[in-house]
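Work out the full structure, taking the sequences as your base and the hints as a guide.
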Amino acid sequence: MVDLKSFDSFGEVLNHYESFDFGDYLKNVSDEDVQKSLKKEKLNQFDFLNLLSKKAQNYLEEMAQISKKHKIRHFGNVIQLYLPIYVSNYCSSDCEYCGFSKKNKIKRKHLSEEELHVEAKAIAQSGIRHILLLTGEAKKIANLDYIKMAVRALKQYFSSISIEIYPLQTDEYRQLKELGVDGLTIYQEVYDREIYKQVHTSGEKTNYDYRLDAPQRGAKANLRALNIGVLFGLGDIYKEAFLSGVHAKFLMDKYKHIEVSLSLPRINNAEGDFKVKHTLDDKSFVQFMLAYRLYMPMCGINISTREKASFRDNLIDIGATKFSAGSKTDVGGYSNIDKSTAQFDISDTRSVEEIVSMIKNKGLQPIFKDWEIIYE
Amino acid sequence: MNDILKLGNIEFTSRLFTGTGKFPDKNMIPKIIKSSESQMITVALRRVDMQSVQENILNFIPKETIILPNTSGARDAKEAIMLAKLAREAGCGNFIKIEVINDMKYLLPDNEETIKATKVLAEDGFIVLPYMMPDLISGLKMQDAGAAAVMPLGSPIGSNKGLQTKEMIKILIEDIEIPIIVDAGIGKPSHASEAMELGADAVLVNSAIANAGNPEQMALAFRLAVEAGRIAFKASFAEENSLASASSPLTGFLNG
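Same order as they appear, the protein sequences are chains A and B.
Counting the first sequence from 1 gives a position; the working numbering is that position plus 561.
Counting the second sequence from 1 gives a position; the working numbering is that position plus 7.
Hints were generated in silico from the structure; no laboratory data involved.
Please note that the accuracy of each hint is not assured.
Within a straight-line C-alpha distance of at most 30 Å, the following computed DSSO-like cross-link-like pairs (lysine-lysine) qualify [what the hints assert, rightly or not]:
{"hint": "1", "chain 1": "A", "residue 1": "Lys601", "chain 2": "B", "residue 2": "Lys173"}
{"hint": "2", "chain 1": "B", "residue 1": "Lys168", "chain 2": "A", "residue 2": "Lys815"}
{"hint": "3", "chain 1": "B", "residue 1": "Lys173", "chain 2": "A", "residue 2": "Lys817"}
{"hint": "4", "chain 1": "A", "residue 1": "Lys817", "chain 2": "B", "residue 2": "Lys126"}
{"hint": "5", "chain 1": "B", "residue 1": "Lys195", "chain 2": "A", "residue 2": "Lys601"}
{"hint": "6", "chain 1": "B", "residue 1": "Lys112", "chain 2": "A", "residue 2": "Lys815"}
{"hint": "7", "chain 1": "B", "residue 1": "Lys33", "chain 2": "A", "residue 2": "Lys629"}
{"hint": "8", "chain 1": "A", "residue 1": "Lys738", "chain 2": "B", "residue 2": "Lys168"}
{"hint": "9", "chain 1": "A", "residue 1": "Lys716", "chain 2": "B", "residue 2": "Lys85"}
{"hint": "10", "chain 1": "B", "residue 1": "Lys38", "chain 2": "A", "residue 2": "Lys817"}
{"hint": "11", "chain 1": "A", "residue 1": "Lys566", "chain 2": "B", "residue 2": "Lys112"}
{"hint": "12", "chain 1": "B", "residue 1": "Lys126", "chain 2": "A", "residue 2": "Lys630"}
{"hint": "13", "chain 1": "B", "residue 1": "Lys112", "chain 2": "A", "residue 2": "Lys630"}
{"hint": "14", "chain 1": "A", "residue 1": "Lys921", "chain 2": "B", "residue 2": "Lys123"}
{"hint": "15", "chain 1": "B", "residue 1": "Lys168", "chain 2": "B", "residue 2": "Lys38"}
{"hint": "16", "chain 1": "A", "residue 1": "Lys629", "chain 2": "A", "residue 2": "Lys758"}
{"hint": "17", "chain 1": "A", "residue 1": "Lys817", "chain 2": "B", "residue 2": "Lys85"}
{"hint": "18", "chain 1": "A", "residue 1": "Lys566", "chain 2": "A", "residue 2": "Lys600"}
{"hint": "19", "chain 1": "A", "residue 1": "Lys758", "chain 2": "A", "residue 2": "Lys701"}
{"hint": "20", "chain 1": "B", "residue 1": "Lys112", "chain 2": "A", "residue 2": "Lys923"}
{"hint": "21", "chain 1": "B", "residue 1": "Lys126", "chain 2": "A", "residue 2": "Lys781"}
{"hint": "22", "chain 1": "A", "residue 1": "Lys566", "chain 2": "B", "residue 2": "Lys168"}
{"hint": "23", "chain 1": "A", "residue 1": "Lys603", "chain 2": "B", "residue 2": "Lys168"}
{"hint": "24", "chain 1": "B", "residue 1": "Lys195", "chain 2": "A", "residue 2": "Lys921"}
{"hint": "25", "chain 1": "B", "residue 1": "Lys41", "chain 2": "A", "residue 2": "Lys817"}
{"hint": "26", "chain 1": "B", "residue 1": "Lys92", "chain 2": "A", "residue 2": "Lys738"}
{"hint": "27", "chain 1": "A", "residue 1": "Lys923", "chain 2": "B", "residue 2": "Lys41"}
{"hint": "28", "chain 1": "A", "residue 1": "Lys738", "chain 2": "B", "residue 2": "Lys41"}
{"hint": "29", "chain 1": "A", "residue 1": "Lys817", "chain 2": "B", "residue 2": "Lys123"}
{"hint": "30", "chain 1": "B", "residue 1": "Lys92", "chain 2": "A", "residue 2": "Lys629"}
{"hint": "31", "chain 1": "A", "residue 1": "Lys566", "chain 2": "B", "residue 2": "Lys85"}
{"hint": "32", "chain 1": "B", "residue 1": "Lys195", "chain 2": "A", "residue 2": "Lys600"}
{"hint": "33", "chain 1": "B", "residue 1": "Lys38", "chain 2": "A", "residue 2": "Lys629"}
Okay, here's the thing in structure tokens:
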């Protein structure tokens, strides 16, 4: 077991796990191990692994009960709503699984300032107050000045702005924070270095370590919230789930003032016909989500519209804290202004209104607004 | 019984304050106010949505109830001050509960930053109620900075563990002149009663009501517990004895 607090960067933690045989450990997890871990108030890294093991699939109901309790205690009977806004899908990287990949011959688009306002207005009309700004990895086209322009525009319509863009330097994150950005979403996609190299074939995204340290740079820039995760489908699901969870824990322990959330995106039909080698099935998805919650009772769990409606609805009851609703993954998709090709297919196509009524029917309160932009 | 709690220029007959953030349905807020008879309710400014009529939490609070906006989400004094000013602009009145929290695991308050924010906001005319770690020296500094009351925690927010900081709260009650409102950690009506029996001036209860199976009934139970604890405190307790006491076993001989 690794003492997370003794490391300065997550890369050092990963080096420590380099020689650890996950397959061997997981294969030997017994019922007794799982039961013991479930009884603990504070779980360590081995407990977390025990709950990720195949053996723990026999204890999903117990895990769900504990997860639900943690969630209500720390977050209340509520769920936060947000929407993504894709402002540009130009990309200078080739990632084999992604619809926006440079090599794909798709319709590219880049919202002008005027179009941004039209798009933002269309989203704000649905009542959504938390927005996630996304771009492709095209640092030259959607450069920092462009991002700043977009943030200034979005501020007029929303109360919380998070970004999911190419990784930045600490000072660049700080500049965006001072403009009103409060959250950073950045997925490592895959923690296995070898697979990372195989699926990221060209462009800036090939730099594994620069991406790995991005959440920490965001934390140093004093952003309020970090959302990290793995793109399930690329690497061994157990190892990837474990390392992403430990990454979240590392960030929580080191930066106590930051709210850390995890997402569990699974590869969807992107434009590039990517063949998934390691499938995360529904049962394992639920198990991993619960294991994250039990290992880190305070962490946020974000469930996107990549998932099917009926499946998502069930996750609300057992520990999800953030939900997107009525998402579009094409640039210009909300206002239909000459829109681009989408990054991936949405599975849950319900409107904000439909999602809100589903949440209320489940006896939970949908939260539209949970921050106030207080900078600049 | 004329037992008034005065905070700023407002007189309260109820010593139970409530919260708004964790209910499954915002329509529950007026019901909770009714059954708890609470006269002041805290609202996180970050949750106030002035742009939406259906979703604006302020529209669910009855007119006669006093709003205690809080600076939830503030990581330092500067952010707390900005949030407080926004609350005033949003029409939430002059009360402000300062919450400065930099620790997402236990949600413990930062007394040092809270003292700074208290000073600035009290000078600006706010009726300041700082949420604090029960520490006498910090409490005295908050009092000097112009706080209208201090709000020490009983145990971490949402933990429902009761008065784990009891000895420290007793010291505050003893040595601080402004009112003491025990906030956070109160999980059961008996905890609220205990705080009132100790001599706290009021309590603030949120999670224990919002997360109860029947929040309305739980709000009623808290109302009764707070009243009972307060009456008991005012009535002065009979001294506690560990043994049953016969009449004057040692000096009875003097009575001849």
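Here is what the structure says about each hint:
Taking the CA atoms of A:Lys601 and B:Lys173, the gap is near 27 Å; set against the 30 Å cutoff, the hint holds. A distance of roughly 26 Å separates the Cα atoms of B:Lys168 and A:Lys815; the hinted pair therefore holds under the 30 Å criterion. Straight-line distance between C-alpha atoms of B:Lys173 and A:Lys817 comes to about 26 Å, which keeps the hinted pair within the 30 Å bound. With a CA separation close to 26 Å, the supplied pair A:Lys817 and B:Lys126 stays within the 30 Å bound.
With a C-alpha separation of about 24 Å, the suggested pair B:Lys195 and A:Lys601 falls inside the 30 Å cut-off, and the hint holds. Between B:Lys112 and A:Lys815, the direct Cα distance comes to roughly 11 Å. Compliance with the 30 Å bound is thereby established for this hinted pair. Of the supplied pair hints, the one linking B:Lys33 and A:Lys629 holds, its CA atoms being roughly 21 Å apart against a limit of 30 Å. Straight-line distance between C-alpha atoms of A:Lys738 and B:Lys168 comes to about 36 Å, which puts the hinted pair past the 30 Å bound.
Distance check on the hinted pair: A:Lys716 and B:Lys85 sit about 20 Å apart at the alpha-carbon level, within 30 Å; holds. About 36 Å separates the Cα atoms of B:Lys38 and A:Lys817, which puts this hinted pair outside 30 Å; it is violated. A C-alpha spacing of about 15 Å is found between A:Lys566 and B:Lys112, which places the hinted pair at or below 30 Å, so the restraint holds. Note on B:Lys126 and A:Lys630: the hinted pairing is violated, with a Cα-Cα distance of about 38 Å set against a maximum of 30 Å.
At most 30 Å may separate the alpha-carbon atoms for a hinted pair to count; B:Lys112 and A:Lys630 meet this at roughly 16 Å. Of the supplied pair hints, the one linking A:Lys921 and B:Lys123 is violated, its CA atoms being roughly 40 Å apart against a limit of 30 Å. About 26 Å separates the Cα atoms of B:Lys168 and B:Lys38, which keeps this hinted pair within 30 Å; it holds. Proximity of A:Lys629 to A:Lys758 is assessed by CA-CA distance (about 38 Å); at most 30 Å being required, the pair is judged violated.
Pair hint A:Lys817 plus B:Lys85 holds up; C-alpha atoms about 18 Å apart against a cutoff of 30 Å. In summary, the hint linking A:Lys566 to A:Lys600 is supported, as the alpha carbons are separated by about 24 Å, within the 30 Å threshold. Between A:Lys758 and A:Lys701 the alpha-carbon distance is near 23 Å, which keeps this suggested pair within the 30 Å criterion. At most 30 Å may separate the alpha-carbon atoms for a hinted pair to count; B:Lys112 and A:Lys923 meet this at roughly 28 Å.
Only pairs whose Cα atoms come within 30 Å are accepted, and B:Lys126 paired with A:Lys781 is accepted, the gap being roughly 28 Å. This hinted pair checks out: A:Lys566 and B:Lys168 have alpha carbons roughly 28 Å apart, not beyond 30 Å. A threshold of 30 Å between alpha carbons decides the hint, and for A:Lys603 with B:Lys168 the separation of about 17 Å falls inside it, so the pair holds. Between B:Lys195 and A:Lys921, the direct Cα distance comes to roughly 27 Å. Compliance with the 30 Å bound is thereby established for this hinted pair.
Taking the CA atoms of B:Lys41 and A:Lys817, the gap is about 38 Å. The hint is violated against a cut of 30 Å. With a CA separation close to 20 Å, the supplied pair B:Lys92 and A:Lys738 stays within the 30 Å bound. Of the pairs offered as hints, the one joining A:Lys923 and B:Lys41 holds, with about 25 Å between alpha carbons and a cut-off of 30 Å not exceeded. Note on A:Lys738 and B:Lys41: the hinted pairing is violated, with a Cα-Cα distance of about 42 Å set against a maximum of 30 Å.
Between A:Lys817 and B:Lys123 the alpha-carbon distance is near 21 Å, which keeps this suggested pair within the 30 Å criterion. For the given pair, B:Lys92 sits about 36 Å from A:Lys629 by alpha-carbon distance, which is inconsistent with the 30 Å threshold. Proximity of A:Lys566 to B:Lys85 is assessed by CA-CA distance (about 29 Å); at most 30 Å being required, the pair is judged to hold. Using a Cα cut-off of 30 Å, the hinted pair B:Lys195 and A:Lys600 holds, with the two alpha carbons roughly 24 Å apart.
Annotation: proposed proximity of B:Lys38 to A:Lys629 holds, straight-line Cα distance about 25 Å (limit 30 Å).
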